[in-house]
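Novice: Chains as they are written, first to last, in my numbering: chain A, 1 to 415; chain B, 1 to 115; chain C, 1 to 477.
Careful, some of the hints might be misleading.
Examples of chain A residues toward chain B, derived with CB under 7 Å [claimed, not checked]:
id : residue
1  : 198
2  : 325
3  : 413
4  : 414
Below, computed lysine to any residue pairings styled on SDA-like, alpha-carbon distance capped at 25 Å [stated by the list, open to error]:
id : chain 1 : residue 1 : chain 2 : residue 2
5  : C       : 381       : A       : 178
6  : A       : 392       : B       : 102
7  : C       : 387       : A       : 3
8  : C       : 381       : A       : 362
9  : B       : 74        : A       : 203
10 : C       : 450       : B       : 49
11 : B       : 62        : C       : 279
12 : A       : 79        : C       : 381
13 : A       : 178       : C       : 475
14 : C       : 303       : A       : 235
15 : A       : 55        : B       : 31
16 : A       : 2         : C       : 70
17 : A       : 55        : B       : 90
18 : C       : 303       : A       : 109
19 : C       : 459       : A       : 285
20 : B       : 74        : A       : 226
21 : A       : 384       : A       : 349
22 : A       : 154       : B       : 31
23 : A       : 105       : C       : 455
24 : C       : 392       : A       : 88
25 : C       : 236       : A       : 125
26 : A       : 2         : C       : 302
27 : C       : 303       : C       : 315
28 : C       : 450       : B       : 37
29 : A       : 2         : C       : 396
30 : B       : 62        : B       : 31
31 : B       : 62        : C       : 387
32 : A       : 109       : C       : 385
33 : C       : 392       : A       : 367
34 : A       : 241       : C       : 192
Hints are computed from structural coordinates only; laboratory data are not their basis. Where a beta carbon is used, it is the ideal one built from N, C-alpha and C, also for glycine.
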Amino acid sequence: MKNHDIVIIGGGPAGMAAAAAAFDRGVRDVVIIDREEHPGGVLKQCIHNGFGLHKLGRELTGPEYADVYVRMIRERGIKVYSDTMVTSISEDKTVTATSTGGILKIRAKAVVLAMGCRERSRGALNISGTRPAGVYSAGTAQKLINCDGYMVGKRVVILGSGDIGLIMARRMTLQGAKVEAVCEILPYSGGLTRNIVQCLEDYGIPLYLSTTVAEIHGRERLEGVTVAQVDASRTPIESTKRYIPCDTLLLSCGLIPENELTQAAGIDIDRVTGGAVVDQFRQTSREGVFACGNVLQVHDLVDHVSDEAETAGIAAADYVLGKNTDAPCIETRAGEGVRYVLPQRVRLTGDSVSLYLRVREPQSNVRMVVKNGGRVIKTFPRLKVAPGEMEKLEVPVGLTSGDGDSLTVSVEVQK
Amino acid sequence: MNRTLTCIICPRGCTLQAHIENGTVTVTGNACRRGEEYGISECLHPMRTVTAVIGVVNRDGKALSVKTKDPIPKEHIFDLMAVLRGMTASAPVAIGDVICDNIYGTQVIATGSVE
Amino acid sequence: MVYDILIVGAGVCGGMIARELSKYDLRVCLLEKANDVAAGASKANSGIIHGGYDPEPGTLKQKLNTEGVKLLFEAAEELSVPYLRNGSMVCAFSEYEEEQLRELYSRGISNGVQGLKLLSGDEARALESNLSQSVTLALHVPEAGIICPYKLTIAAVGNAMDNGVTLMRNFEVTSIKHKDGFFGLTSSAGDWVSGKYLINCAGGYSGKIAAMAGDDSIEIIPRAGEYMLLDRSEGKTVSHTIFRAPSKEGKGILVSPTADGNLLLGPTAVRVDTPDSTETTREGLAAVIRSVKESVPTVDLSKVITSFTGVRASHMDGDFIIAQSKLVKNLVNVAAIDSPGLTACAAIARYVTDILDSMGVKLCAKPDWNGKREDTEAFSKLTDEQKDAVIKKDPAYGRIICRCEGITEGEIRHALRKNPPALDMDGVKRRSRSGMGRCQGGFCAPYVMKLIAEEQGIKLEEVTKNGGGSKMLTGRI
């Protein structure tokens, strides 16, 4: 049994930023447990640029952004247990992990969960048809191409217009493949507009909205897919079915926080975010266990992951140093037009609190309304909102106490 | 001539209106100066940063990620890719190392490291 | 090499027969057209060990089901195949179905099934809290169980190989010559093998194989069943296997835990053109969902990790066809093995051996036969201290490759080495569970591909999903 003040589970952008922040807050005994050979997480395969503008003030590729944080943890002498996977967290914060050196047990004073997320698989999408080779989740294909240097196919259809799907459409095209179509079952894209421009429009790749892959064909390797427009209930419309020959289908249909470890540890999970229930310090329902990054909520930008991880890292350090707060809480709720609000509870301490949320559907000229009970405490006008773009609302904590027992955020159309 | 563009400089993705007259471009709808620069450049000579990976001769099964240090003319993207396809690096490579000098007015540099 | 016995088809019957025959001093060769064993119906069925209340008395199905249960549990023990005696419940939702259940009950009693009991809806719900309020009567079959059908097949073939049986994969029989007392079989790849006796276990293609040998008496009706598999987090939704009252097409759509701890829903029963019609359909999956929502309304469909179709080989008669061919000497057909084929497989193997005995095959027991197979999942069952000791000896057991199922490099390498070695991605998945979890190989596939290439000494581009042209990659960048 080893002892460490703070154990951070995951060596991706969230884990590294949390570790550095905790260290800088004054806790020196911080370690990261990472299941891969090198830290950096998914950034290692995100070779495209567009990272860091917000956080670092310059535009970097994924590996470069990761390198900034790898240097930070190295400079601070933060130990990384690599090739090590955590298999359980006990109630007393003993972390058990499997590594090539044996089974590792660490008693921690605080734990930060930063395990990231996974992609929704074909099975979860229930696409009918055969089960040939050549059906990949976009991120798996991205790893094979960018880290291993192998091509997964020559003629490609992409289902889902999330950012990974858009990025992969361009990546496959640059590498000589023909991307026949990007299909999106929703009437709008889930990706950033800039990615539609620079990944699809630049290369003349068609984006079909309200369209899905209805069937998969081919016995050994994929031979083609049947695509179809969908009706309001997302059912394929028979008359719109058409066959597209292809040898590869990439799926970019959403990301799911990887919380099996969290759940097994008995920590409360929000069914909407798929991540832990936290307060604004990113402390979960288990005292001394914090969560940040895509394991808590799926972010659009790594820059925001780093921000959130710093919050969690600082709070974990404060917990170890005995400076944590046990101020009373008020719950947050997703009101009309809002899918979720994070944090799920706000501790009534400090000056202001940042509420992060996602809307249910794209709208323009709206205002985001924050209510305490029935009382409107603040409104935020927005020219446009979309589910693919996380909203951040700064609310003064002083206004949140009072009559109601919860803070509700809703979207109202401006008159 | 008028063109509507989506700025790709940052995730905000502003919608830009570009008015082009006698080779001069005026941009509106941008939220920052870089948006204006993008709008002008996009109308006159569109440029893109290209990222890719190349093989590493002495490290089988490893790929090295690279990028153009500066954006290159959009019309040369595939020419550059053809050059990169024939190119390999030799380990060790450190992040920032120049892989190819003087190409389309810039350099191709490593964005990752291979020990 | 001339074999004494050729077995066509390495499904659960072919595998169990091969294992049974490996007890004797015989040269046995098992031929399989796919890149792996259990590639057909044996990998895609309900995995149920049926109590035996269903088959009509006097049928082969009834005889071999009843005999088979005990033999199968024994074989599973010897072969270290995961199984569970979880019991089953057949549920009625109407008076008509109640009547059917009473019939099944009395048939079960006369078939000698132990412990049968009719439960009221409330009694049933007391045992299965997630059961629908609409269930009015349930037939409780405590003897029934569940087993992993492909692991059983893999283990049976592996044990047969350990005892001297030859397995030839990618041997798709294209012609059979019967001359001078020998069968000569040619494969699509031009390979050739010869033997004195031919056992036809070709599943959906058993009619075709029999016809190639000169016996055109078997007509197989391929019937597709679609399934959905849920994450292990849902494996405790029910503890019994929950059946609906049976219909002409089959035993209806069930909800059951699997021996590996997942939750299985299905199957439909739709007549299809060929045994290869293993595609899932929108309608089929919708039918599964509809039925399941009636019997166990709390099933969480957001936890589906995969769906698949198995094609059972049925026959007009409804009974198994297990007999010496009337038309071709030294040919034994083992055909139309639909439900309860899995339950009966160990009994079928004995029955076929008896048939061979009656045909004059000399059955001399080998003194060194070993029917035991080590537990391939032993590592996952160890305590942390024991795992630590294993890892200290072989660090590959300390590297987790499949996050969802917690499968290590050591276990994957083991699957690539142990008889019958996995040759492809699906083979690794079925042996080690790597890629079987909620991400369906999203994270582990690139690593598993590298291990396959390394163990087999092939290029990464040559790695396939399930043999043939199912290549995972198209080349270097």
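Novice: Does each hint hold? Answer for all of them.
Specialist: Status of each hint after checking the structure:
1. The restraint placing residue 198 of chain A at the interface with chain B holds, with a minimum CB-CB distance near 5 Å, inside the 7 Å limit.
2. Look at residue 325 of chain A: its Cβ only gets to about 33 Å from chain B, farther than 7 Å, so that hint breaks.
3. Taking 7 Å as the C-beta cut-off, the interface hint given for residue 413 of chain A is violated, the closest approach to chain B being about 20 Å.
4. Here the hint on residue 414 of chain A is broken, as its CB sits about 19 Å from the closest CB of chain B, past 7 Å.
5. Proposed proximity of residue 381 of chain C and residue 178 of chain A is contradicted: the alpha carbons are some 47 Å apart, above 25 Å.
6. For the suggested pair residue 392 of chain A and residue 102 of chain B, the alpha carbons sit about 43 Å apart, so the restraint of at most 25 Å is broken.
7. About 21 Å separates the Cα atoms of residue 387 of chain C and residue 3 of chain A, which keeps this hinted pair within 25 Å; it holds.
8. With a C-alpha separation of about 49 Å, the suggested pair residue 381 of chain C and residue 362 of chain A falls outside the 25 Å cut-off, and the hint is violated.
9. Pair hint residue 74 of chain B plus residue 203 of chain A holds up; C-alpha atoms about 10 Å apart against a cutoff of 25 Å.
10. For a cut-off of 25 Å, the pair hint linking residue 450 of chain C to residue 49 of chain B is broken: about 32 Å separates their Cα positions.
11. For the given pair, residue 62 of chain B sits about 37 Å from residue 279 of chain C by alpha-carbon distance, which is inconsistent with the 25 Å threshold.
12. For the proposed pair residue 79 of chain A and residue 381 of chain C, the alpha carbon gap of about 31 Å is over 25 Å, so the pair is violated.
13. A C-alpha spacing of about 15 Å is found between residue 178 of chain A and residue 475 of chain C, which places the hinted pair at or below 25 Å, so the restraint holds.
14. The suggested pairing of residue 303 of chain C with residue 235 of chain A holds, with an alpha-carbon distance near 20 Å, which does not exceed 25 Å.
15. With a C-alpha separation of about 18 Å, the suggested pair residue 55 of chain A and residue 31 of chain B falls inside the 25 Å cut-off, and the hint holds.
16. Between residue 2 of chain A and residue 70 of chain C the CA atoms are separated by roughly 49 Å; this puts the pair beyond 25 Å, and the hint is violated.
17. With a CA separation close to 32 Å, the supplied pair residue 55 of chain A and residue 90 of chain B exceeds the 25 Å bound.
18. Straight-line distance between C-alpha atoms of residue 303 of chain C and residue 109 of chain A comes to about 34 Å, which puts the hinted pair past the 25 Å bound.
19. For the suggested pair residue 459 of chain C and residue 285 of chain A, the alpha carbons sit about 49 Å apart, so the restraint of at most 25 Å is broken.
20. As the CA atoms of residue 74 of chain B and residue 226 of chain A are separated by approximately 33 Å, the hinted pair breaks the 25 Å bound.
21. Pair hint residue 384 of chain A plus residue 349 of chain A does not hold up; C-alpha atoms about 31 Å apart against a cutoff of 25 Å.
22. A threshold of 25 Å between alpha carbons decides the hint, and for residue 154 of chain A with residue 31 of chain B the separation of about 40 Å lies outside it, so the pair is violated.
23. Taking the CA atoms of residue 105 of chain A and residue 455 of chain C, the gap is near 32 Å; set against the 25 Å cutoff, the hint is violated.
24. Restraint check for residue 392 of chain C and residue 88 of chain A: the C-alpha separation of about 20 Å stays at or below 25 Å, so the hint holds.
25. At roughly 23 Å between alpha-carbon atoms, residue 236 of chain C and residue 125 of chain A fall within 25 Å of each other, so this suggested pair holds.
26. Of the supplied pair hints, the one linking residue 2 of chain A and residue 302 of chain C is violated, its CA atoms being roughly 39 Å apart against a limit of 25 Å.
27. For the hint linking residue 303 of chain C to residue 315 of chain C, the alpha-carbon distance of about 35 Å lies beyond 25 Å, and the restraint is violated.
28. Restraint check for residue 450 of chain C and residue 37 of chain B: not satisfied, since their Cα atoms lie roughly 46 Å apart, outside the 25 Å limit.
29. For the proposed pair residue 2 of chain A and residue 396 of chain C, the alpha carbon gap of about 23 Å is at most 25 Å, so the pair holds.
30. For the hint linking residue 62 of chain B to residue 31 of chain B, the alpha-carbon distance of about 41 Å lies beyond 25 Å, and the restraint is violated.
31. Taken as a hint, the residue 62 of chain B and residue 387 of chain C pair is broken in the structure, with Cα atoms around 31 Å apart against an allowance of 25 Å.
32. With a C-alpha separation of about 24 Å, the suggested pair residue 109 of chain A and residue 385 of chain C falls inside the 25 Å cut-off, and the hint holds.
33. Restraint check for residue 392 of chain C and residue 367 of chain A: the C-alpha separation of about 60 Å exceeds 25 Å, so the hint is violated.
34. With a C-alpha separation of about 45 Å, the suggested pairing of residue 241 of chain A with residue 192 of chain C is violated against the 25 Å cut-off.
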